[in-house]
Amino acid sequence: MIHHLKIIEYAISSLLRRKYKSLAIVVAFAVTVAALASVLLLSNALRIEAAAVLQAAPDLIVQRTLAGRHELIPVTYAETIRDIRGVGGATPRYWGYYYDALTEANYTLMGTGGEAGLLALLEGRLPADNTECAVGAGVADLRGSADSGELILVNSRNMGVLYDVSGIFTAESSLLTNDLIVLTDTAVQDFFGFPPGLATDIALTVRNSNEVQTVAAKIKKIFPETRPITRQELIRTYDMAFNWRSGMMLTVFCAAIIAFCIMAWDKATGISAEEKQEIGVLKAVGWDTSDVLVLKFWEGMVIALTAFLLGIIIGFVHVFLFDAFILAAVIKGWSVLFPNFDLTPQLNLFHLFIMGFLTIVPYVACTVFPSWKTAITDPETAMRG
Amino acid sequence: MELIRAEEVTRVYHFGLPDEMTALHTVSLVLGRGEVAVLKGPSGSGKTSLLSLIGCMSRPTAGKIFVEGKDVVKLPERFLTNIRRETFGFIFQQFQLIRDLTVLDNVLLPLYPSAMGWRNMRETARPILNKLGIEDKRGIRVKNLSGGEQQRVAIARALINDPAVIIADEPTAHLDMDLAQEFMTILADLHGEGKTIIIATHDPFVYEHPLVSMAIAMRGGQIDRVDKR
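Here the protein sequences come in this chain order: A and B. The first sequence runs 15 to 399 under our numbering. The second sequence runs 56 to 284 under our numbering.
Source of the hints: derived by calculation from the structure; they are not laboratory data. Misleading hints may appear alongside valid ones.
[As the list claims (entries may be wrong)] Here are the simulated lysine to aspartate or glutamate pairs, EDC-like style, with alpha carbons at most 20 Å apart:
1) Lys33(A) <-> Asp155(B)
2) Lys33(A) <-> Asp160(B)
3) Lys235(A) <-> Glu93(A)
4) Lys192(B) <-> Glu178(B)
5) Lys186(B) <-> Glu204(B)
6) Lys198(B) <-> Asp160(B)
7) Lys250(B) <-> Glu90(B)
8) Lys250(B) <-> Glu123(B)
9) Lys35(A) <-> Glu178(B)
10) Lys234(A) <-> Glu85(A)
11) Lys35(A) <-> Glu288(A)
12) Lys35(A) <-> Glu289(A)
13) Lys387(A) <-> Glu132(B)
14) Lys125(B) <-> Glu57(B)
15) Lys125(B) <-> Glu63(B)
16) Lys125(B) <-> Glu90(B)
17) Lys186(B) <-> Glu248(B)
18) Lys198(B) <-> Glu289(A)
19) Lys129(B) <-> Asp302(A)
20) Lys119(B) <-> Glu204(B)
21) Lys119(B) <-> Asp392(A)
22) Lys129(B) <-> Asp392(A)
23) Lys234(A) <-> Asp392(A)
24) Lys198(B) <-> Glu178(B)
25) Lys198(B) <-> Glu288(A)
Only chain B is shown next, with the shape it has when bound in the complex (with noise of 0.2 Å):
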């Protein structure tokens, strides 16, 4: 079942300027319901635009992304963070957290445009991080954890809101190889409870992993493959 479609999408940084650089390129794209999908490729690939696009991050320069049957990119920006706040979870490269605030504090930042109170979203939080196993971490700043767990607070925040779609840019860079297999591991349990997860990476651990059931070869800003397993 179809979740999400590109038509020949085009990115452009820098639009018009002396330094404009195309980083995608009439890319075509469907990515169905509860698949595992890594983008491989090497740096300045187009991986990371392309999962910026996907997720609501950016708008094409040209083309069109639909999100469940959604023509997203005319969309005001209001509902494009409707979508990005109830459809997709991020786990960014570098984490993207906040140091200076807790675990806690991090994981819940979805939730404060919400309407929910604050006792309700200590306890929608709770069985996140009993899962990822930061529970008793809560109180710390993120500043003071280390890689793999400061990994783990991303993938709760990821997971606070229950999306329907987790994307993870290059999750196994900064990680060695018992946490990137850990990772992994966590990967497999959301992918059995019904996530579809979409990777930018280049790391072939995780683009040969048995999890992945698409794996899209990208060079040049195009998709250059596409392996369906």
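For reference, chain A alone in the conformation it holds in the complex (with noise of 0.2 Å):
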């Protein structure tokens, strides 16, 4: 033990000896981890946000689809579904998502009697009437709704309506709430134009869960032309897009790997003549080939160890303190309406290790390696660089 913890001393003391070069290792090496944490960490958190607030969506969604276009449900359908057995409810939900030309965003708009009435996230109430909207943080902050009090937005008619901003979502609802605009139901089917009767889907609650698919399957028999959509289908949507972003985001990031490859690659093919000499007089001074294979391993280790630490401290203050700055836009929106909202901090054990087997390990390799090609070579040899 003594005799690690004092070739460990000095491989700490040979690394300051090298300070600028030990230095810009670990700036290099901790850039790559803290761009692949950040992505990882976003992603991950984004993806347990989205689970987590997808809690209070409903347990069944029953859309129709014609020739696998999405299309209006009648609300008729809404009562043949609650005749099934085992269903909670069936409320037929009136929305759609709305252009808006003078901020190029897309917002989605939405009638009381879905699941915005659940969201009891709300600073002010919901609409009461139909000259009434509620807004999420996005769309105020975009349109300076907080400060008017008023939204004006063009109907399908191609006219503008004025509308009174009764209440504003908080922030902590924002990965659902930003692009949301909150109607009575009659105002979403006059907005848009419903015609009498439809509705854009149905939204159940079913009462035991494990009888979500069997619910989905009778809806199906019933009305052959319907989708229904359970609750797990959402999450795993989300899954896949934040998966799919966070993979976008390593493609792009696979430039900061490859450089780190490349010094990686660089430090393998050689070390310098003053090393070998170094590793030639440790060695004619009683060092055995293993001794100084440790003080190797070891310098490696602190390296590689000090600038993986500092990498995800870095990834994390970026994603967790500042809000992904860097990355968000890419991650988190599809429009210009990024939400924004406290993600929880949390650090996923399974993405360290693979992140430190495929940083550390390579590089404590890269490492070891050409140091044991001089350390098996003759003192006398490895003395003359």
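Once you've looked at the hints, go ahead and assemble the two chains, each given alone in its own frame, into the complex.
Following this line, the structure appears as structure tokens:
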């Protein structure tokens, strides 16, 4: 043990002697790890956040499709569905996407009959009549609704409609509500020009969560043109979206990874004459080959662990303290309205292990291997550099 | 009493390559315990190569070397390291110190792989540094020392394991006459303590010094003459 401690102490002093070179490697290494960590931490935190928020979503959503295209669904379907054993409730929902040419942003307009009523995170209140609306924090910010207390939208008849803003959703629900505008159900029907008796989809609650698939199958049997979507499928969709985006980012960061590999390769292909000479001296004064390898192992480990921890901390701070300001645009949003919310700090041990395995192990191997080549030569030859 | 025996030792560098070079050719030699032996001769005569083989720093291309009766040529690397650590103390031509380390750290280098604790290591070094007059410089980086002081550090490092044999390669090559005289005085003290000393040199001041008990003249990779005094 004391033998190892002394060699670790010597390894640290060796690194300090080459402080500029060591610092340059730590910085390059840490930046690579920080980039990887940021992508993985952010996409993972978003997945968890989305899953948590979606717990409030309906157990089942029933859409109607015609030739594979989403079509409005008759509200009478809800009455039939309510009669299926195990269904707790079936509520027609009125909603749709709205492109706002003024701000070049996409909003989601939703009626109060959907789960908007379940979002108990409102500052103010939900709209009470057809002239009022509640908006997400992003919409309020983009349209200045918080100050003016008004929102003007252009309806399906190409007419401007003025709404009084009765409430603003708080930032905590931003992942789902950032682009949301909530109107009364009738206001939404009127705005989009829905024919009477038709809704966008039907939201269901199922008494026993194990029965969701059975209920979905029954609905599909009664109404073959419908598409029941379970909450788990929604969560999986979010997962896939974030996985795809993080994959994109990882591809971008390949450049950083390649730079890191070049640095590692540079180390693997040889050590300086000075380092060779030092190994020769150490062997000449009685260090065994294994002692030299232990020394080089610890030199590599000290650099790699320091840089890895630094990289993880930078990634953690970037994602959870500074809201991933570098990556957020790519990972989080799909329009000019990026959700702005606080992520719950968390570390995924599996991701940590993978990052450690992909960076620390190759770096340490690249440090030890060329030293091993020198350490097995005669001290006399090594000392010549 | 025999300490080191070399039997028909040959050393070829870059063996089998276009730039192959024979540094030693069938050299045989016996050195006794307590001897002060000098390998002398011009540059390229094979002094350093023979010193390196005797000190187990490299292996011969052919021939045998015995240290305290043990054939060291076929020993695995680990055992050779033990012999280097326990039997020999080296003073290299360019001192081969680690310039950015302090005097104390350089001197303690051979003790790092041992099981000795920090306090014991420092206590082992203290009398040696005192004897060589560099105790007050223990915290100074070697690169900031004079040539003479650096050589004392190299000597201290060679002595830290209390070896039976001191091997010095061209020890006075970079020293003026006063420092060379001082070096020989230190060697005389070490010899007085029972150490065997082997020096490679082409400095007449060293090989004609009264301390020397055996002068081995080398030429063209072979022993030309051996003078016992």
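Hints, verified against the model:
no.: 1; hint: Lys33(A) <-> Asp155(B); in the structure: holds (12 Å)
no.: 2; hint: Lys33(A) <-> Asp160(B); in the structure: holds (18 Å)
no.: 3; hint: Lys235(A) <-> Glu93(A); in the structure: holds (16 Å)
no.: 4; hint: Lys192(B) <-> Glu178(B); in the structure: holds (16 Å)
no.: 5; hint: Lys186(B) <-> Glu204(B); in the structure: holds (13 Å)
no.: 6; hint: Lys198(B) <-> Asp160(B); in the structure: holds (13 Å)
no.: 7; hint: Lys250(B) <-> Glu90(B); in the structure: holds (8 Å)
no.: 8; hint: Lys250(B) <-> Glu123(B); in the structure: holds (14 Å)
no.: 9; hint: Lys35(A) <-> Glu178(B); in the structure: violated (34 Å)
no.: 10; hint: Lys234(A) <-> Glu85(A); in the structure: holds (15 Å)
no.: 11; hint: Lys35(A) <-> Glu288(A); in the structure: holds (13 Å)
no.: 12; hint: Lys35(A) <-> Glu289(A); in the structure: holds (13 Å)
no.: 13; hint: Lys387(A) <-> Glu132(B); in the structure: holds (14 Å)
no.: 14; hint: Lys125(B) <-> Glu57(B); in the structure: holds (12 Å)
no.: 15; hint: Lys125(B) <-> Glu63(B); in the structure: holds (16 Å)
no.: 16; hint: Lys125(B) <-> Glu90(B); in the structure: holds (19 Å)
no.: 17; hint: Lys186(B) <-> Glu248(B); in the structure: holds (13 Å)
no.: 18; hint: Lys198(B) <-> Glu289(A); in the structure: holds (17 Å)
no.: 19; hint: Lys129(B) <-> Asp302(A); in the structure: holds (17 Å)
no.: 20; hint: Lys119(B) <-> Glu204(B); in the structure: violated (37 Å)
no.: 21; hint: Lys119(B) <-> Asp392(A); in the structure: holds (17 Å)
no.: 22; hint: Lys129(B) <-> Asp392(A); in the structure: holds (14 Å)
no.: 23; hint: Lys234(A) <-> Asp392(A); in the structure: violated (79 Å)
no.: 24; hint: Lys198(B) <-> Glu178(B); in the structure: violated (24 Å)
no.: 25; hint: Lys198(B) <-> Glu288(A); in the structure: holds (15 Å)
Hint compliance for this structure: hints 9, 20, 23 and 24 are not met, and every other hint is.
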